[in-house]
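Peer 1: As they're listed, the protein sequences go chains A and B.
Quick note on my numbering: the first sequence kicks off at 25 and runs consecutively.
Quick note on my numbering: the second sequence kicks off at 25 and runs consecutively.
Among the hints, erroneous ones may be present.
Note that identical chains are pooled: a pair holds if it fits in a single copy or bridges any two copies.
The calculated lysine-lysine pairs, modelled on DSS-like cross-linking and capped at a C-alpha distance of 30 Å, are [as the list claims (entries may be wrong)]: (1) 26 <-> 63; (2) 78 <-> 211; (3) 78 <-> 214; (4) 63 <-> 214; (5) 78 <-> 63; (6) 26 <-> 78; (7) 26 <-> 211.
In short, the hints are calculated from the structure, not lab data.
Every value quoted in this text rests on a predicted model; they were computed, and no experiment measured them.
Residue strings, one per chain:
There are 2 protein chains.
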Amino acid sequence: MKDIAVWGFSWVPPFAQGLVRDLRVRWALEEAGLPYESKWINADERTSEGYRRKHPFGVVPVIESDGQTMIESGAIIHAIAEQHEVLMPPDRRTETLAWMFAALNTVEPPLWNLFVIDQLQNDQAWTKLRRPGAVDEANARLAALSAWLEGREYLLESFTAADILMATTLRFLRHTNLVTEFLPLDKYLKRCEARPAFQAALRNQAAVYAHNTPVAA
Amino acid sequence: MKDIAVWGFSWVPPFAQGLVRDLRVRWALEEAGLPYESKWINADERTSEGYRRKHPFGVVPVIESDGQTMIESGAIIHAIAEQHEVLMPPDRRTETLAWMFAALNTVEPPLWNLFVIDQLQNDQAWTKLRRPGAVDEANARLAALSAWLEGREYLLESFTAADILMATTLRFLRHTNLVTEFLPLDKYLKRCEARPAFQAALRNQAAVYAHNTPVAA
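The shape of chain A in the complex, shown without the other chains (with noise of 0.2 Å):
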């Protein structure tokens, strides 16, 4: 992959600012050693039609390399670790994809419905009622993960694309204390967090915010 530009918001609300999906794309780059270009959209430009032409869904992340356009932070992913092992090595391919769907599609949805319940509705009547349930459902992903991890450093025995995808599925739950009571989970996540790869992704997606802060109104 060469000429690689990756696009994100220019500016989100403090509560979003580090789990936007374009991290996930960030990091992986960064664990590759592959450099990139940031391209930023705002709110506006989402669904404006030359962004639909990229994204069907006007949503973050597209990547662009070589020329062709890529959507969906898992398929990114998945396309930049097939070229790098160090994110999927060649004996563990199975296995890593299994988690990397895992992460996605098993673990995230009730994860980001407890993000959607306290972080993007939580001036609506309904939540109240409905975040003791959405907490069960969540915890019962996150007690068959730390169960998993119990002994382990990583999903599997090295780190690969399936930690970044879960590491920032995790993060999702940040404002709660939810993760950090699972002591496996608590110190998976610090050691993900902990790679210098994630922490220069998490740099370059936050140096934008900085420079877009808008003014209090």
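Starting from the structure of chain A, add chain B where the hints point.
Peer 2: For chain B alone, coordinates are given in the frame of chain A:
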């Protein structure tokens, strides 16, 4: 892949019949022309230690093949598609993967959310307050998908693994008219469901439910 066994639930309530995710795997296997055996667990066995050794989250599907276990419908279908070009044409690999992840990570969450509201938690007071917003969120994804499918038979030039994941995702809203109100989506889903491989997969899954119909209390 040889000696394939697919794990599903031995019985689920009528509102869930035809929606459990092992249907995706059966469909892919039927499209690829691969014979498979069905294995079933009941709801209690999900959390058993033996089954957790197969699937850390205690869900279905699980597939066994050549003595190897694989989890996650997305990962299993990915593995089948890699060996069967009919599900992933080599020159459309990137696009197929992008749409597979789009189905599972961008379209499924708001559709599944509405399924939970209407079918799993419909006796809860919060669902009445939450439903209008959840319908809007589902409709936003459906509208974007419908725009993409306008003038197309399938997500890409021919049927692929991505259509298996997208069509089975749209089916989560079969209890509503949200999908059918978008003519391109309605035609797309009917086109997918008319495929002999889908019909065979559905029959194989339904047979065990019919066999295990619980006696009314």
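Peer 1: Next, verify each hint and record whether it holds.
Peer 2: Taking the hints in turn, this is what the structure says about them:
1. In this assembly of identical chains, residue 26 and residue 63 lie within 30 Å of each other by CA distance solely inside one copy; the values are 15 Å within and 46 Å between copies.
2. Taking the shortest alpha-carbon separations for residue 78 and residue 211, only the inter-copy value of 25 Å comes in at or below 30 Å, while the best intra-copy value is 38 Å.
3. Within a single copy, residue 78 and residue 214 get their C-alpha atoms only as close as 34 Å, which misses the 30 Å cut-off; across copies the closest is 28 Å, which meets it.
4. Taking the shortest Cα distances, residue 63 and residue 214 sit within 30 Å of each other inside one copy (28 Å), while across copies they are farther apart (39 Å).
5. Taking the shortest alpha-carbon separations for residue 78 and residue 63, only the intra-copy value of 13 Å comes in at or below 30 Å, while the best inter-copy value is 42 Å.
6. Taking CA atoms no more than 30 Å apart as the test, residue 26 paired with residue 78 passes inside one copy only; the shortest distance there is 18 Å, against 40 Å between copies.
7. Neither within a single protomer nor between protomers do residue 26 and residue 211 lie at most 30 Å apart by alpha-carbon distance, with minima of 35 Å and 40 Å respectively.
The structure shown violates just one earlier hint, number 7.
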